[in-house]
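> Residues per chain are reported as follows:
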Amino acid sequence: GAGVSQSPRYKVAKRGQDVALRCDPISGHVSLFWYQQALGQGPEFLTYFQNEAQLDKSGLPSDRFFAERPEGSVSTLKIQRTQQEDSAVYLCASSPWSRQGADGYTFGSGTRLTVV
Amino acid sequence: QQQVKQSPQSLIVQKGGISIINCAYENTAFDYFPWYQQFPGKGPALLIAIRPDVSEKKEGRFTISFNKSAKQFSLHIMDSQPGDSATYFCAVGSGRRGNMLTFGGGTRLMVKP
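So the sequence lines, in the order shown, correspond to chains Z and R.
The numbering of the first sequence is the working numbering, which starts it at 1 and goes up by one.
The numbering of the second sequence is the working numbering, which starts it at 1001 and goes up by one.
Fair warning: there could be bad hints in the mix.
Partial selection, computed: residues in chain Z whose CB lies under 7 Å from chain R [as the list claims (entries may be wrong)]:
#  : residue
1  : PRO8
2  : TYR10
3  : PRO43
4  : TYR48
5  : ASN51
6  : SER87
7  : LEU91
8  : SER95
9  : PHE107
10 : GLY108
11 : GLY110
Lysine-lysine pairs mimicking DSS-like chemistry, simulated, CA-CA at most 27 Å apart [stated by the list, open to error]:
#  : chain 1 : residue 1 : chain 2 : residue 2
12 : R       : LYS1042   : R       : LYS1112
13 : R       : LYS1042   : Z       : LYS57
14 : R       : LYS1112   : Z       : LYS57
15 : R       : LYS1112   : R       : LYS1005
16 : R       : LYS1112   : Z       : LYS14
17 : R       : LYS1015   : R       : LYS1058
18 : R       : LYS1071   : Z       : LYS78
19 : R       : LYS1071   : R       : LYS1057
20 : R       : LYS1058   : R       : LYS1112
21 : R       : LYS1071   : R       : LYS1005
22 : R       : LYS1042   : Z       : LYS11
23 : Z       : LYS11     : Z       : LYS78
Residues of chain R placed beyond 10 Å of chain Z at every Cβ, according to the derived structure [unchecked claim]:
#  : residue
24 : LEU1011
25 : HIS1076
26 : ASN1099
These are computed hints drawn from the structure, not numbers from a lab.
For clarity, every value in this text was computed on a predicted model and none was experimentally measured.
Glycine included, each C-beta is placed from N, C-alpha and C at the ideal position.
One chain only, chain Z, in its complex shape:
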């Protein structure tokens, strides 16, 4: 597709439920990022992949958060035992470059997760 595709667009989870959020990056993009955006705030970095390798996961808030990109394209962000503080928009971005600063850093529209 022409852009970064994320699914589902909206997810309502009961507290304690596990959720999986999917990101389809732009075809051929090497780098993939996950960000968390709380209401009224700027996005905050969660994790970064270069192809299938997870190079940086320093932003994952707890061991309940897990991300994978097994074949270097589609990525899944999994949150186990969801808590109310996990409610946010989860943004995925991809970039064609492995070096910093590429103008091709494209965000998807995000998945809005609401934990009730």
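Dock chain R against chain Z, hints included.
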């Protein structure tokens, strides 16, 4: 620790006016300074970016001014239009951490017709 401070939080400008949003950062290791525009229900979209080897960059109605010694940069939107009404985020990045970006808190801009 808030690495990127953005101001103001909200801004109202008349159509045709100049919108100015400011950003300050702390870590001198940053070497990439983009501005993103975000509409409700959409992801952020890159507007314009600058590197520290230049003090100003202009693209159409959008200009970044960069002051390396003060560790500040700003976005100027000339001839602001109602369609510019959105939330704007500054960000900083460093090649030493891949393409990871640290964002400011955002500025909600409203341009009145």
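> Against this structure, judge whether each hint is valid.
The hints, checked one at a time:
no., hint, result
1, PRO8, "14 Å, violated"
2, TYR10, "10 Å, violated"
3, PRO43, "5 Å, holds"
4, TYR48, "5 Å, holds"
5, ASN51, "12 Å, violated"
6, SER87, "16 Å, violated"
7, LEU91, "5 Å, holds"
8, SER95, "6 Å, holds"
9, PHE107, "3 Å, holds"
10, GLY108, "5 Å, holds"
11, GLY110, "6 Å, holds"
12, LYS1042(R) - LYS1112(R), "22 Å, holds"
13, LYS1042(R) - LYS57(Z), "24 Å, holds"
14, LYS1112(R) - LYS57(Z), "42 Å, violated"
15, LYS1112(R) - LYS1005(R), "26 Å, holds"
16, LYS1112(R) - LYS14(Z), "41 Å, violated"
17, LYS1015(R) - LYS1058(R), "20 Å, holds"
18, LYS1071(R) - LYS78(Z), "37 Å, violated"
19, LYS1071(R) - LYS1057(R), "16 Å, holds"
20, LYS1058(R) - LYS1112(R), "24 Å, holds"
21, LYS1071(R) - LYS1005(R), "11 Å, holds"
22, LYS1042(R) - LYS11(Z), "16 Å, holds"
23, LYS11(Z) - LYS78(Z), "13 Å, holds"
24, LEU1011, "15 Å, holds"
25, HIS1076, "20 Å, holds"
26, ASN1099, "5 Å, violated"
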